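Protein sequences, first through last, are from chains A and B. Count along the first sequence from 1, add 28, and you get the number used in this note's numbering. Count along the second sequence from 1, add 7, and you get the number used in this note's numbering.
Because the hints were derived from the structure by calculation, they are not lab data. Since the model is a prediction, treat every value here as computed from it, not as a measurement. In this text, a Cβ means the ideal position worked out from N, Cα and C, and glycines have one as well. You can take every hint at face value.
Taking beta-carbon pairs under 10 Å as the criterion, some of the chain B residues facing chain A (in silico):
| id | residue |
| --- | --- |
| 1 | Ser70 |
| 2 | Ile169 |
| 3 | Val180 |
| 4 | Leu216 |
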Amino acid sequence: MEFLNSLQEQLSTAYELLAAGWGVQLLWGIAWTLAVTMVSMLIGAVLGSLVAAAKLSHRGGLRFIGESYTTVFRGEPELLIIYLFYYGGTQVLTGVARSAGSIGSTDILNMPSFLGGVLAVGIISGAYQAEVFRGSFLAIHRGELEAARAYGMSAWLRFRLVIMPQVLRLAVPGLGNVWQLTIKDSALISVTGVAELMLTANKAARSTHHSLLFYTLAGILYLVMTSISTPIFDKAERYTSRSFLRPK
Amino acid sequence: MDFDFYLSTMWSVLKALPLTLEIWFFGIAFGLIIATGLTWLRASGHRLGEYFTRGYVFIFRGSPLLVQLYLIYFGLSQFDFVRHSPILWPILRDPMYCTIVAMALNTAAYESEIFRGALRAVPVGQIEAAKAFGMSAFTRFRLVTLPIALRLALPAYSTEIILMTKATALASVVTIMEMMGTAQKIQHDTFRPIEVLTCAGVIYLLLNLSIARLFAWVEYLLSPHLRPAPEQSQQVKPVPEVL
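Construct the complete structure from the given sequences, taking the supplied hints into account.
Structure, rendered in structure tokens:
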């Protein structure tokens, strides 16, 4: 009975705290987390396809660049890369602005935290996406590429009509994994001060001294985000491979 | 370019390598123990065990490690019984132990999935053959299932270990001065983040590359039967030039 009472007490404090404004803050945090993840995935998709192309290239130099990119950005701690882009960006921006004379010699021009965070997470995501794209390109039947070549298709036409549609179809499951990874990496950019879910939970925990409540809530919200995306990607996979389904 | 700065930064960060390795080692070791328990629970076939492991894996793989770390470090101390417990409190008030606990719990979720996959990938024929030989369940596990499963699990396990190396950097957010924390401090003191973080990055990269090499070597040692046979032509002596 005592346990039930204390539970009820806990729940009512939780409700009061959430209704006092932290609930709305957390919802904004989710919105920011999703925004960060989406923008990072887009940056990663552009970089990832370029890097995948470089890794598949016939030229040794390009292959080396591609290999180094994926090795470095998958081998470094995510936190280090985020710090590098955020603080390093500040260093570069400040240096440029100081030498251009647009700020005083003791002023500091900060890297916009959203931009720094998104670039860092996007570049990490790009390294994983490059592997996904490379794998799906290699899964395309050689014969189809040869046939397209035999028809006299130009490289661009081959890319647009034969390679891209199939790579996109084959890459969907892998991209689902990268998406989950990117959601989890986005929590790290709270260190730069982007008000996404993790930072919001942090602020709430520190200012209300209810850390257990807010970190548990944050954990649950991340779980909701990652588990909602699973059926969405399953659906996308079914949709993109609808012409390859086995008849029942 | 001033090399002295690079050298001194490199040296200061390297001095924190033992601490990083300590977190890494204990995180992995305890993680392995928990993962073994989880795999056993999952493979034992009890329905409750399966629900528990599924839930465990879902929770620890679906949320960021940072949340788990904060929850353990800041969150659990809210419970009175934790603060008054003579066993739990010394562990949970120390950021070092908290990081190790968080990493172990997190990696156990991923590892138990790796081990489960490896156990299922052991060819049925080999287990049947062992049964036909009249091996007891334990002997079968010790001599057939375990060695094959371990070798099958190795590539995915090495990836997980590298993820753990990267995860040790998170310890810096709970005030531990391991490599990342040290680099952060130097960077704040000197305001030269690019140089400092590059130094730390080189060390992390070398660490990860050597771990990857080590695992590749172990994998090579463990799979002599999968290597192609030495080519015949190498053993045949070349025809002496008589012409």
